[in-house]
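On the provided structure of chain A, position chain B as indicated by the hints.
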Amino acid sequence: MTNATIQEIEGIDDYWGPAFRSVYEGEGGHEAFLQQLDERIKQHDKEIEKLCNFYYQGFIESIRELLEVRSHAEELHAEISNVDANVKETTDGLCVRSEELIRARRVELNIASTIEKMELCLPLLTTYSKLKSQVEAKRYYPALKTLEQLEHVLLPRVGPYAWCSHISSDIPKLRQAIQDASMADLRDFLENIRRLSPQVGAVALKQTQEMLGRSLENIIKNKKDMATLGPSSVETNTPQSPHELVDFSPLYRCLHIHTVLGAKHDFVQYYRSQRRQQARLVVIPAAGNLHDSIQSMKSYLNAVLGFFILEEHLLTTGAGLVSSDWLGETWGSARSAAAGTLRTHTALVTDPTLMLSIKHQIVLFINALKCYGLPTEPLPQLLQEMAEHYTEVLMQRWVAVFRDILDNATFRPIEVENQEQYDAVMDTFPYDGDELETQAFPRKFPFSSVVPAVYVQVKEFMYAWLKYSSGLGLGGGGRAAAARHSTSLLLTRSFTGCLSALFRRALPLTQLVQIILDTQYLESATPYLYEFISNITGSELVTAQPAGSMFQTARDDAEKQICENLQHKVDEFLDLENYDWLLVEPSGQASSFVTDMLGYLTGVLTSLEQLPRRAREAAVTAAVKRIACRLRALLLEGDVRAVSAGALHQLDLDVIQCEQFAASDPLPGLRDQLLEHFASLRQLLDLITSWDWSSYLHDIGMEGAKYALVSPREAATLLEKLREAEQKSSVFSVLKKNERDRRKLLDTVLKQLKQLQNQDG
Amino acid sequence: MAKTYDYLFKLLLIGDSGVGKTSILFRFSEDAFNISFISTIGIDFKIRTIDLDGKKVKLQIWDTAGQERFRTITTAYYRGSMGIMLVYDVTNEKSFENIKNWIRNIEENASADVEKMILGNKCDLDSKRQVSKERGEQLAVEYQIKFVETSAKDSLNVEYAFYTLARDIKAKMEKKQEASNPPGARGGTHQLKSNDQQRKPPSWLSRCSIL
Numbered sequence: 001m002t003n004a005t006i007q008e009i010e011g012i013d014d015y016w017g018p019a020f021r022s023v024y025e026g027e028g029g030h031e032a033f034l035q036q037l038d039e040r041i042k043q044h045d046k047e048i049e050k051l052c053n054f055y056y057q058g059f060i061e062s063i064r065e066l067l068e069v070r071s072h073a074e075e076l077h078a079e080i081s082n083v084d085a086n087v088k089e090t091t092d093g094l095c096v097r098s099e100e101l102i103r104a105r106r107v108e109l110n111i112a113s114t115i116e117k118m119e120l121c122l123p124l125l126t127t128y129s130k131l132k133s134q135v136e137a138k139r140y141y142p143a144l145k146t147l148e149q150l151e152h153v154l155l156p157r158v159g160p161y162a163w164c165s166h167i168s169s170d171i172p173k174l175r176q177a178i179q180d181a182s183m184a185d186l187r188d189f190l191e192n193i194r195r196l197s198p199q200v201g202a203v204a205l206k207q208t209q210e211m212l213g214r215s216l217e218n219i220i221k222n223k224k225d226m227a228t229l230g231p232s233s234v235e236t237n238t239p240q241s242p243h244e245l246v247d248f249s250p251l252y253r254c255l256h257i258h259t260v261l262g263a264k265h266d267f268v269q270y271y272r273s274q275r276r277q278q279a280r281l282v283v284i285p286a287a288g289n290l291h292d293s294i295q296s297m298k299s300y301l302n303a304v305l306g307f308f309i310l311e312e313h314l315l316t317t318g319a320g321l322v323s324s325d326w327l328g329e330t331w332g333s334a335r336s337a338a339a340g341t342l343r344t345h346t347a348l349v350t351d352p353t354l355m356l357s358i359k360h361q362i363v364l365f366i367n368a369l370k371c372y373g374l375p376t377e378p379l380p381q382l383l384q385e386m387a388e389h390y391t392e393v394l395m396q397r398w399v400a401v402f403r404d405i406l407d408n409a410t411f412r413p414i415e416v417e418n419q420e421q422y423d424a425v426m427d428t429f430p431y432d433g434d435e436l437e438t439q440a441f442p443r444k445f446p447f448s449s450v451v452p453a454v455y456v457q458v459k460e461f462m463y464a465w466l467k468y469s470s471g472l473g474l475g476g477g478g479r480a481a482a483a484r485h486s487t488s489l490l491l492t493r494s495f496t497g498c499l500s501a502l503f504r505r506a507l508p509l510t511q512l513v514q515i516i517l518d519t520q521y522l523e524s525a526t527p528y529l530y531e532f533i534s535n536i537t538g539s540e541l542v543t544a545q546p547a548g549s550m551f552q553t554a555r556d557d558a559e560k561q562i563c564e565n566l567q568h569k570v571d572e573f574l575d576l577e578n579y580d581w582l583l584v585e586p587s588g589q590a591s592s593f594v595t596d597m598l599g600y601l602t603g604v605l606t607s608l609e610q611l612p613r614r615a616r617e618a619a620v621t622a623a624v625k626r627i628a629c630r631l632r633a634l635l636l637e638g639d640v641r642a643v644s645a646g647a648l649h650q651l652d653l654d655v656i657q658c659e660q661f662a663a664s665d666p667l668p669g670l671r672d673q674l675l676e677h678f679a680s681l682r683q684l685l686d687l688i689t690s691w692d693w694s695s696y697l698h699d700i701g702m703e704g705a706k707y708a709l710v711s712p713r714e715a716a717t718l719l720e721k722l723r724e725a726e727q728k729s730s731v732f733s734v735l736k737k738n739e740r741d742r743r744k745l746l747d748t749v750l751k752q753l754k755q756l757q758n759q760d761g
Numbered sequence: 001m002a003k004t005y006d007y008l009f010k011l012l013l014i015g016d017s018g019v020g021k022t023s024i025l026f027r028f029s030e031d032a033f034n035i036s037f038i039s040t041i042g043i044d045f046k047i048r049t050i051d052l053d054g055k056k057v058k059l060q061i062w063d064t065a066g067q068e069r070f071r072t073i074t075t076a077y078y079r080g081s082m083g084i085m086l087v088y089d090v091t092n093e094k095s096f097e098n099i100k101n102w103i104r105n106i107e108e109n110a111s112a113d114v115e116k117m118i119l120g121n122k123c124d125l126d127s128k129r130q131v132s133k134e135r136g137e138q139l140a141v142e143y144q145i146k147f148v149e150t151s152a153k154d155s156l157n158v159e160y161a162f163y164t165l166a167r168d169i170k171a172k173m174e175k176k177q178e179a180s181n182p183p184g185a186r187g188g189t190h191q192l193k194s195n196d197q198q199r200k201p202p203s204w205l206s207r208c209s210i211l
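Going line by line, the protein sequences match chains A and B. Per UniProt numbering, the very first residue in the first sequence carries number 1; after that it's consecutive. Per UniProt numbering, the very first residue in the second sequence carries number 1; after that it's consecutive.
Isolated chain A (complex conformation) (with noise of 0.2 Å):
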């Protein structure tokens, strides 16, 4: 039994219960077991030291066998450790070289495809850069082309860069560049052509002209020319069209641009346009003052007809970029604006020369537009237009001249001293001087130098006018009846005239006579002026022309100024009249201011001689109205209030003496017409002085009666005077009888007068 349980225990690792049970009911007990526990322990202990001491040596050695592993492992260790250092240090450089490479391959990869790249975008590059270098050499043209080229294939072979899309949006920049920069030729050629173009004209009038000169003898003397100055001299660099001055090709490359760019529509409304405004500056004097000089005139003319000549060669050449339509419109407006400029312009030209060159310019530019096939419309009208105000102008101009000769003429008749001199007059002035002849010098002519130098002048100024008429394509007849025109109307008009505003200073007798004569003279020589314009312009002489009245205004006024004249003088002695009213006695004897007026009357008559008989006559005619006018006015005008029978009588014989000089036939045949004017002072005279009431009273009113001429009212006035002076003079008379029955006499007569006044109102 306690064997058993200890084995059990040993034997069993768990359900040590029924041990413990036995351990417990087992007969010893419990100290038994624990004995037994004991003999086992010792047992064990037993075994343990016996087992320990059989493998104790084999411990000892294994310790010693395992002391001698650890050195060797520690051996081992420091070897390894070594050998790895060294490893770790050669794959650490390795490592290093093989990251380089793996960097290296990675670069050579990439440069060749950047290259491959690169070498798609070469070809765009330098396009582009012939493009650049296109446009800054304004090659234009292809420039565009190149752009195309780039736009459309280039472009789009090369990816979506950056510089690519840059380079795509510069593109739509540059061709509106290009096509600025081909706006800015156009327009550097449209000034250009501006500027040209007044060469162009000049060119085109100097071929016209010359062409105009053309004539076989000139083209024969033009070939020995250049026989003798050899060919090459002649044919230098001038040129063969007047367009040939002007370089087209900006225009002809803009068009081109434009038509590559599509815009030529809109290219030749823009051309038009601009030329259109051209074309308005153009007919626009640059100078301002046209009438200034010829060259002011000259330059515009050229501009004028260099531009059209442009226009209209344009026309053939320029792709339509001018329209026969719109350059007859252009024109058109042009001319008429041109021909309105050169109107105002002209008409404000005061000098013949300048007037002269102005028309030449005009017909050659006229002339050389037909030339070109352009229309002249209103300017040959204009030419007429100028031609009138040309004469105008020659006539102002020959107005100072007359005014000169007048001014500084004498009136007084050519006195010449010799041959030489006589000659000279001649010379200048047609006149028949047969009788002047024979006489010898000094030779007087009936004429003033005003004459001859008159007539030189109007020779002058049909020369000058003739001058203006040449070239208009006149015939010889229109342009000699113009000239007799104008000639007629120069001296009826401004010759005249001058000669009126002479009369407007108070002019010597002996003057106005000589004017008179003057104008005769000049007169007769009209038909020597009609043959010379009939021998200049070739054309046949007329001789019908109412010549006669040509200067009769100015005579008249000539005339007018010599009655007037004399007037004043009568007038003049009239107001030395000194009337004693109440002389008692006559003088027997005429006043003095009668005889010394009618002694100086006598004198003027002589030297009125040369005159006309009509313009003598006028002038005795006024001379003696004025005389009975005032001499009747002394008698009955208000101042005088009283009028003695002495003086009557003292009147009477003053009347008597102006009657006899009007009888002693001052002007032969004038007689009776002259006493006419006294008639009315002789009747009323007649009538106080015989006191013939009677008679007076019965005739009166009737026909033929003897004092027809006195009306009541001057008879009674006269009346009144004496019965004052008689009143005054004789107070104490009134006793004598007679005197008393005449004074009744007086009184019954005036009654009457009075009586007859009031009847007539």
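Rather than coming from a laboratory, the hints here were simulated on the basis of the structure. These figures come from a predicted structure and were not determined experimentally. Where is the CB? At the ideal position from N, CA and C, for every residue including glycine. Watch out, some of these pointers could steer you wrong.
[Claimed, not checked] A partial selection of chain A residues facing chain B, derived with a Cβ cut-off under 10 Å: (1) Gly26; (2) His44; (3) Pro508; (4) Asp575; (5) Tyr600.
[As the list claims (entries may be wrong)] A few chain B residues that face chain A, going by a derived Cβ cut-off under 10 Å, partial list only: (6) Ile43; (7) Asp44; (8) Ile73; (9) Ala76.
Relative to the frame of chain A, chain B by itself:
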């Protein structure tokens, strides 16, 4: 009735052609001058009224042609003149020498008591002078005639000359009037007319004048 003047004096200008008679007259009557020379033909006259010691004096001044060919016309006017201006040109020796001939002319044709005066005209042209003032004065003293140098152009002494001559005539006339007429009679030149001639056709010889 009031007269427009108190005295009427007839004056005459004589002298060689071109000495300036017409210019002197023009200066006196119009107070103007005209450079251009227009020789007088025959005879002409101008009238100017001047005031002399409160009297209105009308001067009728006859301007004669200096040229020889008009001599017959002009001498006819001598007789009626009350005063005569003898004009010479200080720049023209000949015209001065001719003054003596003119004086002889006066003596032959004019009334004996006619007032005379010598004028040396154009004294403005000093550079061209040929006749000195002293010679003029000398001549005047010789003939006992008043003398003055004038310039029609510069209006020098022209007025003075006419006034002096007119004043002398007036003085002489008044003296004569006092001698012949008792005071109170009407004054006036027409009283001096001679009455011994019959009425004739007008001629200068028949003119009423002081004898």
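Here's how the hints hold up against the structure:
no.: 1; hint: Gly26; result: 204 Å, violated
no.: 2; hint: His44; result: 193 Å, violated
no.: 3; hint: Pro508; result: 7 Å, holds
no.: 4; hint: Asp575; result: 7 Å, holds
no.: 5; hint: Tyr600; result: 7 Å, holds
no.: 6; hint: Ile43; result: 6 Å, holds
no.: 7; hint: Asp44; result: 7 Å, holds
no.: 8; hint: Ile73; result: 6 Å, holds
no.: 9; hint: Ala76; result: 8 Å, holds
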